[in-house]
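Participant: Chain residues, written in single-letter form:
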Amino acid sequence: MTHATFNSGIRLGLPVALAVLPFGALFGAVAIENGLTIYEATLMSGVIYAGASQLVGIELFNQNLPAWLVVLSIFAVNFRHILYSAAMVRIVPEWSFAKKAVGFFFLVDPQFAESVRLKEKNGRVSFACYMGYAFIVYALWMISTVLGASLGNLLGDPKAAGLDVLLPIYFMGMVLGFRKRASFYPIMLASAVGAIVAYHFVGSPWHVSIGAVTGILLAVILPPNKTGEEMTEVETA
Amino acid sequence: MGQFFDMQTLIIIFASAVATYFTRVGGYVLMTRMKSIPPRVEAGLNAVPVAVLTTLVAPAFFEGGYEVKIALIFALIVGLRFPGLIMLASGWALVVAMRYFNIA
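Protein chains in written order, with our numbering: chain A, 1 to 237; chain B, 1 to 104.
Don't read these hints as lab results, they were simulated from the structure. Since the structure is predicted, the reported quantities are computational estimates derived from the model, not experimental observations. Each residue gets a CB set at the ideal place from its N, CA and C atoms; glycine is no exception. Hints may be right or wrong, so weigh each one.
Dumping the calculated DSS-like pairs for lysine-lysine here, alpha-carbon to alpha-carbon at most 25 Å [said to hold, decoys possible]:
(1) A/Lys99 <-> A/Lys119
(2) A/Lys119 <-> A/Lys180
(3) B/Lys35 <-> A/Lys99
(4) A/Lys180 <-> A/Lys121
(5) A/Lys119 <-> B/Lys35
(6) A/Lys159 <-> B/Lys69
(7) A/Lys99 <-> A/Lys121
Label pairs and their in silico Cβ distance ranges [said to hold, decoys possible]:
(8) A/Gly152 <-> B/Asn102: 23 to 31 Å
(9) B/Lys35 <-> A/Ser150: 51 to 59 Å
(10) A/Val47 <-> B/Pro83: 31 to 39 Å
(11) A/Asn64 <-> B/Leu80: 45 to 53 Å
(12) A/Asn64 <-> B/Arg81: 48 to 56 Å
(13) B/Leu30 <-> A/Phe184: 21 to 29 Å
Isolated chain A (complex conformation) (with noise of 0.2 Å):
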């Protein structure tokens, strides 16, 4: 399967969208919490649809903190995606003007590690199929997002559901995912050790940027023939 049109985006999508659904209703319930009504919570999913930083974003909004700091905050999230922005270069060279312009609204950590993986394994990633994946990750997204302001707290406690450990897992299998690339295992291992000292000297959310600049600085210190090479034998096998 070439993985080209709307339809096989949605079923690459179906796993991850259904990953995404408790952290959408968990949003949606502590939005609800915080004072702000069902409209702004599915406002704030729909135009924003990066879901830590959200979550970041309404725990600040009651403490009297000026605008500004609560936007900086969100930004700080999401900075990594400057990272992915970056790298979607090499990805999509081919898409027009438009077509990066409104895909790259939807480019979240998952919409990322598929396009990396559809590239190295069809050589491109079709936008019908990057919509497709999209659209189901966003829709749900929005779906649950709206039950769980309007449900709340018929959710529990999401810890005794054990949906705390949901996004570690998936993201831990797209890590997995790439253990077959060029200096895998000193990029994770500096990334792991970036992010974890980063979480107890500086604070979340800075770790997330701190550990992938580590990772990314070793990256680029290594000798790059070796990579070179490496990526090489990866295109020819």
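On the provided structure of chain A, position chain B as indicated by the hints.
Facilitator: Here is chain B on its own, set in the frame of chain A:
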């Protein structure tokens, strides 16, 4: 309008949406300004998925309780052989079971 939307909240939401969209196009705009991509920058870009996704997992592992650590290690082993959905379900089931029976 007041009962559906609060003006201050509305402003924060839209400003955050613009800021978030900026992060999703900003890197691209920055990269296209460069005439060619030096090999070391390319190596750095290749490292992005592994580096970022790892930072989303590592603190959850180290800050989580023993039940989280055990479930993540179990899911990791399952993930080496089985597809993602089975990995997700088995790790989740294990953590729910351990919490229900108060193990670890």
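Participant: Now tell me if each hint is right for this structure.
Facilitator: Evaluation of the provided hints:
1. A/Lys99 <-> A/Lys119: 17 Å, holds
2. A/Lys119 <-> A/Lys180: 15 Å, holds
3. B/Lys35 <-> A/Lys99: Within the cut-off at roughly 22 Å; holds.
4. A/Lys180 <-> A/Lys121: Distance ~13 Å between A/Lys180 and A/Lys121 Cα, so the pair holds.
5. A/Lys119 <-> B/Lys35: 22 Å, holds
6. A/Lys159 <-> B/Lys69: 14 Å, holds
7. A/Lys99 <-> A/Lys121: Holds, at roughly 21 Å.
8. A/Gly152 <-> B/Asn102: 23 to 31 Å: 28 Å, holds
9. B/Lys35 <-> A/Ser150: 51 to 59 Å: 52 Å, holds
10. A/Val47 <-> B/Pro83: 31 to 39 Å: 33 Å, holds
11. A/Asn64 <-> B/Leu80: 45 to 53 Å: Distance hint for A/Asn64, B/Leu80 holds at roughly 49 Å.
12. A/Asn64 <-> B/Arg81: 48 to 56 Å: Roughly 51 Å apart at Cβ, these two residues keep to the hinted range, so it holds.
13. B/Leu30 <-> A/Phe184: 21 to 29 Å: 26 Å, holds
Figure legend: structure checked against the earlier numbered hints; every hint is met.
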